[in-house]
Amino acid sequence: MTVNSDQLARQIRVLALQMVHRARASHIASALSIADILAVLYGGAMRFSPTEPHAADRDRFILSKGHACVAVYAALAARGVIPLEALDSYGQDLSPLMNHISHKVTGVEFSTGSLGHGLPFGVGKALAAKRRHEDWRTFVQLSDGEMDEGSNWEALMFAAHHKLDNLVAIIDYNKLQSMTTIARTLALEPLADKLRAFGWAVREADGHDHQALSALLCSTPWEPGKPSIVIAHTTKGKGVSFMENKVEWHYRSPNDEQLRLALAELEHDNA
Amino acid sequence: MRNAFIHELMALATQDPSIALIVGDLGYSVIEPFADTFPERFVNAGVAEQNMMGLAAGMASEGYHVFVYSIANFPTFRCAEQIRNDVAYHKLPVTVVSVGGGLAYGGLGYSHHAVQDYALMRTLPNMLIAAPGDPMEVRACMRYLAANPQPSYLRLGKAGEPELHPTVPVVEPGKWLPVHVRPGATRTLLSTGATAERATHWCDEPAFADCSLHSMPLWGMASKPLQAAQLDAWQQVITVEDHLEDAGFGAWLLESLDRVPALRSRLVRKALDARVCGMVGSQATLNRLGGLDL
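Protein chains in written order, with full-length UniProt numbering: chain P, 1 to 271; chain B, 1 to 294.
There are no misleading hints in this set.
No farther apart than 20 Å at their CA atoms in a straight line, the calculated lysine to aspartate or glutamate pairs in the EDC-like style are these:
no.	chain 1	residue 1	chain 2	residue 2
1	P	K130	P	D59
2	P	K130	B	D16
3	P	K163	B	E40
4	B	K175	B	D232
5	P	K246	P	E257
6	P	K246	P	E265
7	B	K91	B	E81
8	P	K130	B	D36
9	P	K130	B	E40
10	B	K224	B	E245
11	P	K194	P	E149
12	P	K163	P	D193
A few chain P positions that, by computed beta-carbon distances, are all more than 10 Å from chain B:
no.	residue
13	E52
14	D88
15	A264
Short derived list, chain P residues pointing at chain B, Cβ under 8 Å:
no.	residue
16	H103
17	S111
18	S114
19	P120
20	F121
21	G122
22	V123
23	G124
24	K125
25	L127
26	A128
27	R131
28	G150
29	S151
30	A155
Think of the hints as simulated: they come from the structure by calculation, not from any bench. Please read all numbers here as calculations on a predicted model, not as lab measurements. Where is the CB? At the ideal position from N, CA and C, for every residue including glycine.
Generate the whole structure from the sequences, applying the supplied hints.
Given below as structure tokens:
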């Protein structure tokens, strides 16, 4: 089934905004930052069937930046894995749709929320596939801020050593972390050089350019024997002008008027 | 216990193709037979415990029962959050194996003294603690875990512990396992982990001539409700553990009696005093200085 990834990305943004508004939740800017990456993955780059979300040969997707979960819940609903109405319960008492990604939601592989857990877990999945000679891939969505975590660098080293070329990591490099910029907090640069030095095949792309992302994510491994990592240059809050590149939208929840303005911007972009 | 562990793991892995072993660059001269026989199911994760535990969870999510082997606090405290979130919360079949439980590595200093591990593990829902008292109980625990794969913590002593059972006993979570039963005894020692051997020596002393000995090799949060009825059969129960008194095995048993407070006075706890933290010496010396004597 062909999916228009532009429409999917827009739907992810709309649903994500509506969820955080309804639940008065945080982290909308982090979700908007990866909406295009998810649209490309769930729109065709991953081997994925909405009617068989647990198929043995599916590609696995791990959201390591679990706070951006609304983008994944939205993608799963937009693709029909979970009903759209299920999103209404996001953040409500006893809902499986928790404010950090939850494996209790159909189609979600792994719960995170504490950073630095997704890549080691994905490494285990990729190693399992290699050892059993299975051909599915594992995708791990990382944030830039979480690259502060030592566990990620342990996993980077391990994956390269074990030649896990069925593993694909994507860094959402929006240059902002919880308090301020990456550069002011704990500098990551030269990031690409570091990742290459760790033995990964590294590509950089505009994290909102579907064509570029699709070309990369559909063609791994780029270098046989090496795990692949996309440094996706993104804009935190992408798609809603007053949220873009603003640290405060890591925390704030849109009020009624802000939601209306945000949805209007997305509608305008769609016209 | 180390040797019983690897021999049993080899036997189980021969029967069950899902069993895998990950080590944290430790186990020299112990784990080689497994690595040589099952290279596709063996990984040395290097000195990187967080990744080791995370990747164990990832493999377990794909159908492996992963045994993760390292020393003392390295596979527990160093990667506690990976055990909590990745393994226990997701109910994945990972067995964390720590060799050198208690003060087995007494001379190596506080970094190598595993005297708070029960405290960590017993607060995790879904986590089953396996603390065998002898090599036979090691085998029994492993057979139980292989038949019932789940988040679990296997605490081993070191090597050379005597066998307290003539054959491999059948063990169940929360069930007291008779080690030395004296007809007519009204009280019993109840040991978990490698202190069972020490407790057998106590049984030989005149002061404990009226005392039986049980071991509790499998326990955890879920097995608390089974305790009051077993304890009620005795006038006195003396728990024995090479773990700090705070939040240890005896404390766990005491908590299990919250709904039957009349039984609490029958419980006496022998555990390590915190003053042993930071001391170095042989296991026997430190256990004695920590209060595990008569």
